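Student: Okay, here's what each chain looks like letter by letter:
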Amino acid sequence: MSGMNTQQRLDALRGATPPRPHDARAIAALAANPGCTRRALMDGAGADKDAAARHLGFPAPFGQSPFAITRGNVFESLVKADGCAELLRMLRELLGLPIAEVAYHDVENVGAHLRHAHTRALIDRAARDAQDAGTLYDHPLLTLRIAGHTAYLEPDVVAFQLGGRFHIVEIKSFAVIDGQADPAAVAAAARQAAVYVLALRTLLEELGHDPLQVSHDVVLVCPENFANRPVATLVDVRKQLAVLRRQLTRMTTLDRLLEGLPDDLTFDLLPGEDGRPTRPVAELADALRRTTARYAPDCLSTCDLCFFCRDEARQEGASDLLGRQVRDELGGVGSVAEALGLADGARDPAAGQEEIARLLRNAERLRRECLT
Amino acid sequence: MGVPGVSLLTSLARLRALDEGIAQPIATVRHCHLRDQPMVFIPLKLSGEAAAPLAAMLGTERDRPRLLVVSQPRNRDLRFAWAAELAGVLLPYIARFLADTETVERRGADPYERALDAPQLIVPNAAGVAFTRLLGRSTRFRRADGPYPVPDVVPLLGRWLTYFGERAAYPGSSLMLAATEELGRHWASGQSSLEDANLAALLGWITEGPSDAAEDPLIWPPAGPATDPGFDAEVLAPAIDSGSAERITEALRSQLEPTWRLMWQAIDLLAGLEAGASVAQRWEQDRGSFSGMAQSIAEGAPPQARRDGAIAAAAKLARMERAQAGYEVQRAYDDPLIMAEYRLTGEAFAGEVIETVPDNVEGEGRSRKLRPLVVIKTDDPVRLPPGASLGTPQRRGQGAELVSADEGLVTVKITKGMGRGKTPTPGAVPEVGERVCYTSLTDDFQGSPNLPDAEATPWTHGGPPQHHAAEHTPDDEDAQEEWS
Ligand code: SF4
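Protein sequences, first through last, are from chains S and D. Per the numbering used here: the first sequence = residues 1 to 372. Per the numbering used here: the second sequence = residues 373 to 856.
Read the hints as simulated data drawn from the structure, not as lab findings. Computed from a predicted model, the values in this text were never measured in an experiment. Please note that a few of the clues may not be correct.
Unchecked claim - Between beta-carbon pairs, the in silico distance windows are: (1) D/G681 to S/R290: 56 to 62 Å; (2) D/Q444 to S/I69: 15 to 21 Å; (3) S/N228 to D/A690: 37 to 43 Å; (4) S/N228 to D/T579: 41 to 47 Å; (5) D/I683 to S/A117: 52 to 58 Å; (6) S/P59 to D/G615: 53 to 59 Å; (7) D/E629 to S/R256: 50 to 56 Å; (8) D/D588 to S/D182: 36 to 42 Å; (9) D/E734 to S/G332: 44 to 50 Å; (10) S/P59 to D/E392: 28 to 34 Å.
To be verified - To be clear about the criterion: a stretch of chain D counts as covered by chain S if any three or more of its residues have a C-beta under 8 Å from a C-beta of chain S, and this derived list gives those stretches: (11) 414-424; (12) 499-510; (13) 554-566; (14) 703-714.
As the list claims (entries may be wrong) - Among chain S residues calculated to face chain D with C-beta under 10 Å, some are: (15) F62; (16) F174; (17) D182; (18) P297; (19) S319; (20) A339; (21) L359; (22) E364; (23) E369.
Glycine included, C-beta positions come from ideal geometry on N, C-alpha and C.
Whenever a hint applies, use it, and build me the whole structure from the sequences.
Tutor: Below you can see the structure in the form of structure tokens.
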């Protein structure tokens with residue numbers, strides 16, 4: 001081990017590839033697979049997982065249709081038009097607040113390197129002054145400690161503040177039809193909003209304010225029915241917050257994860273002059289394999305590296321491939337060959353496996369009986 | 373519908389599939405009804421929109437698919453024209469089944485007319501069902517008159533699509549099936565249930581083994597309703613911009629044709645299985661429900677409400693739970709491989725009869741009762757207490773009771789369904805050497821009237837429409853709702 005500190009080692013892991021701030025998907029997925037060392041390290045280092053997956057020949061299946069993007073942009077600009085007039089109308093109704101007029105700060109207009117400092121200053125001022133008229137902060141740059149490391153969050157949200165109380169406002173383009181929306185989409189939005197609530201609370205706390213000035217009720221703005229008209233709904237994200245907090249604390253800190261790894265380990269893509277990666281693919285794959293993954297089918301919707309990790313799980317014959325339910329059902333028997341060996345009786349159960357082995361043998365007997 | 377229940381037997385089948393590189397059966401009979409000439413329906417929607425149709429391929433004959441395309445997807449009027457075209461195919465198909473009916477007598481209620489046969493819609497996946505429901509929602513409140521008139525078949529189509537979409541959620545119903553869900557109920561692939569939602573991938577596992585091509589949208593475009601984002605960007609968007617209806621049509625045909633072939637392959641696979649014993653009975657309920665819906669439309673009932681009221685919702689939930697329980701019991705009775713799940717958990721056992729006492733009696737004098745005894749030798753781990761009441765798939769009308777279970781020998785006594793004489797009716801008591809199965813899993817399906825109770829059934833499932841009408845009468849605003 002050399003004398004490098006954690007930050008230096010993380011920088012080395014990322015190498016010359018420019019760091020990537022966390023986008024919406026990464027943020028929503030932060031708590032999805034907390035046991036995965038590979039992702040914790042890549043996210044911690046700000047490595048570009050998407051570029052890495054493409055270079056490895058396993059591009060992530062997360063393309064977005066231009067129609068969906070256009071629709072999303074049209075809807076967002078509609079909500080934000082005329083200094084967020086439409087948004088204000090909805091907030092007034094939803095929160096029952098006498099909001100006369102509010103200031104609008106688009107933090108994005110500030111240079112990137114200043115954005116976080118600027119966000120801090122703005123929020124600090126607002127939290128201090130309870131008499132302040134309402135303010136909307138668009139594109140605030142927040143940070144969150146993930147696995148002992150500061151991650152920047154690039155939210156497509158608005159923070160709304162009135163009288164020292166903050167609400168996170170999330171604009172999504174999935175429709176709410178007759179008061180109901182796609183549960184998976186709502187759940188993802190709530191998980192994502194919880195990350196912002198936590199980040200904003202953390203910021204307030206750091207600034208010496210009461211973190212509970214940030215409401216756990218987030219404002220979700222979606223198109224209603226089949227039209228473009230927006231509708232705002234309050235979503236209580238307390239549950240998501242609790243899960244997120246628990247999982248973030250459970251994530252081992254990055255220095256611990258780095259401990260067993262060689263100093264020269266790097267996920268560097270060695271971008272050439274044109275920005276294209278020049279790192280030999282086999283070498284990059286090797287580097288990734290040095291870190292432990294924890295593949296689950298959920299990765300297919302949350303992590304850029306999913307096809308690479310699924311391929312690895314296939315080669316290892318891991319029962320993880322079949323999903324958590326199967327995994328749970330197998331009670332800790334991790335490999336396909338092992339489980340089938342126990343079922344066939346070709347393998348003796350290890351200590352603690354007697355019960356699952358008995359069940360598997362019985363299941364195998366029953367399947368044979370019924371299928372012959 | 374929903375993800376087939378995960379059990380250790382299914383998990384084991386998935387492991388085996390993964391190991392052998394081919395899907396494994398998890399059912400020995402077919403648990404859904406499959407009619408000849410089902411209406412295969414593959415809808416596509418415009419990405420980013422809730423329910424904007426793009427195209428559909430549909431038809432009842434595999435060599436004659438109809439392709440309906442919204443030739444300019446951003447044009448709202450063309451969406452309604454498309455819906456009218458769709459109505460032109462679906463409504464006559466539905467109407468085919470309205471003429472021939474049978475009169476069904478009911479206890480305590482007027483007899484009613486039930487269609488002798490019913491339509492069947494098959495879509496690729498659960499998302500196809502959800503989209504069908506949304507299409508129904510976005511069209512059923514329209515009006516043929518007023519400020520935003522639509523062709524008059526459109527609201528009628530909307531009501532039927534809503535009906536089919538809702539009925540698909542009813543456990544055991546076969547009026548609308550999702551191919552991936554039905555395949556997944558009969559075969560375990562070596563991938564996760566999440567990945568099973570990909571029709572090409574699941575069929576690959578069942579027929580030839582997994583292949584990466586199934587996930588390559590250039591080889592197997594997604595089975596809808598969402599299109600491949602790459603296709604949207606590189607093919608569809610330029611085609612739309614070109615304004616050429618022909619180019620758009622051909623682009624969409626290229627996305628639908630592969631799925632069309634897969635759909636019929638899925639139907640062939642399911643048709644290759646013999647139908648389970650209770651399938652006809654569930655289809656009969658489907659026919660009753662279908663007739664109820666047709667009748668409520670004929671009687672001028674309003675379109676389905678936007679949302680169920682609290683009472684209706686609670687009643688529906690209770691009904692669905694009962695249907696789910698009944699469906700599970702029926703599947704187990706119909707299929708030894710499903711029953712095996714219950715044998716594994718000790719709620720059922722099977723084995724060979726090694727001894728019988730057919731003329732065993734209990735009690736004295738007038739209360740003397742015939743209670744034949746059967747001793748079964750089993751390898752199953754029986755976890756049933758003495759006195760547990762039992763049923764058996766081999767003799768469905770029969771009731772039995774567990775007397776004792778010990779060391780692989782189980783004694784049961786038959787309490788019902790062996791005749792009223794001094795000796796049991798011939799065949800009522802299994803012979804020594806016969807293989808039998810007994811289970812604590814019972815359902816009143818054996819003797820129950822196979823008709824839904826009209827008063828307790830909402831009009832969507834064949835009941836009276838009156839209370840629903842009160843909850844929401846669609847108004848002009850509904851009819852003019854934007855579809856942009
Ligand atoms: S895809 Fe791989 S790196 Fe990403 S979370 Fe899953 S296992 Fe970890």
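Student: What are the numbers of the hints that this structure violates, sorted from low to high?
Tutor: When the structure is compared with the hints, numbers 6 and 8 turn out to be violated.
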